[in-house]
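Read top to bottom, the protein sequences are chains G and V. Quick note on numbering: the first sequence equals residues 1 to 268 in the working numbering. Quick note on numbering: the second sequence equals residues 1 to 268 in the working numbering.
Some hints could be false.
Copies of one chain are not kept apart here, so a pair can be met inside one copy or by any two copies together.
Straight-line alpha carbon distances no greater than 25 Å define the calculated DSS-like cross-link-like pairs of lysine-lysine that follow [what the hints assert, rightly or not]: (1) LYS129 <-> LYS56; (2) LYS217 <-> LYS262; (3) LYS136 <-> LYS221; (4) LYS98 <-> LYS129; (5) LYS56 <-> LYS103.
Since the hints were derived computationally from the structure, they do not count as laboratory data. Here the structure is a predicted model, which is why all the values come from computation and not from measurement.
The primary structure of each chain is shown beneath.
There are 2 protein chains.
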Amino acid sequence: MNACLINGQALSRIAISDRAIHYGDGLFETIALKYGVMPFWCDHYQRLLLGCERLKFPPLNEALLLQEIDVVKQNQHHAIIKIIITRDASERGYRIPKANTVKRIVQAYSLSEYPEKNYQEGVRVIFCKTPVSENKHLAGIKHINRLDNVLASSEWEDESIAEGLMSNAQQHIIQGTKSNIFCVREGEFYTPDLSSAGILGIMRAQIITWAELHNIKMNIKAITRDDLFAADEIFLCNSIFGIWPVTRLEEHDLPIGNYTQKLLNYFG
Amino acid sequence: MNACLINGQALSRIAISDRAIHYGDGLFETIALKYGVMPFWCDHYQRLLLGCERLKFPPLNEALLLQEIDVVKQNQHHAIIKIIITRDASERGYRIPKANTVKRIVQAYSLSEYPEKNYQEGVRVIFCKTPVSENKHLAGIKHINRLDNVLASSEWEDESIAEGLMSNAQQHIIQGTKSNIFCVREGEFYTPDLSSAGILGIMRAQIITWAELHNIKMNIKAITRDDLFAADEIFLCNSIFGIWPVTRLEEHDLPIGNYTQKLLNYFG
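Chain G on its own, in the form it takes in the complex:
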């Protein structure tokens, strides 16, 4: 059993009236705790605040969240902290109730172990058939309406495939099911524009900053399958696993390039 606090109380069940159960009305963050600290806390918290604003949740209390994380992590130095923000349904129907009572669910999980060879040899990636859901008002934030990721992740069973790429209706690549994607061509970085779909990943933002610090041109734009096949390097990222080089895209092989290697050394 994972440690869990609901609004500060040690509970493992939630009222059936919660709007997460009825409408997916909520937000979440999955945060790496490493060596006793959360290196990207500020980025997670910022995204959570943006989500609260978009979904009309009242502001969160950062100190309270940090105290609750401190309780659930117990004596672990390496863990995954999951925060879910939802609200109660005081009335039936979609409309946000006037009371707008926030529920904070804070949990600790053991840190996932990913195969060492994902970093050293790179990963195999396929294209998913399930499209990403498109909605400009919901794009970017980490809300709970994640059926597109659920279906896309369930498209393959072959354990040698590490990730699937999801596209929009125009067949532009948006993201992996649990990661963001970058490619490198002729010394420039490219990553999909996420203004209509996808999640603004924490590690994605770190890489955008890293590129700027290293004077590398970053292109945030629509990216096609052909763009990926023409790339010199491709890599995936998220805040839990860090960086994975893509060395096989469908039947196409790629090397682990210099830029990817540098990022692996830094974030891997």
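Take the given structure of chain G and dock chain V to it, following the hints.
Just chain V now, with coordinates in the frame of chain G:
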């Protein structure tokens, strides 16, 4: 407190590991019980089965659902029955767990009372700013990823507005926040194509059948705001309230037309 069964047990709380809470991984139906019967049971059950197929839920047992509904309705002859289908998270992550354990939540609510004048004088309707989420693999079914409806329903507070209309990114009208929409022009019916977004409503299907029985041409296609402003009649429908004539669309007034009146007499 509403009567509630979770997999047949009288419970009011659900395990925090449920995937509805984490990803909105589930389906629902809101079913009218009138005079002790559910006149559209078959249609709701059909849509639920389609949803199960799309979201890779194992098939449901109809007899079991009906028995559970019979328990929660207690001695009520008029009520709203809500069914939620979700699954447990035996592992962390988006992928559907191999166990794929279904949870059935069956609840009874008291039937909503809508103002009599919604039927007699018609309703006032506005255009919402929140777009509908678009995803061909999720369109049509009644899944729990309903943040677009939540945000759209929360755009107005004026009690004189009965419904808001939601559009896709191309500004085609798709649906109301809690209803489907039809318009009538020169004796023909029009209703939005829902192949990329929206819910295939139970009452919508009834009206399509009714039109066919009455030899009225039905056009299921992209519908613009201009199409609505040019319509002779507009009405909204859902399986709980039946039919509401639209007599005011933004600042534009409309009459309650003959076709709408016939439908009101039949379904209203």
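Which numbered hints turn out to be false for this structure? none
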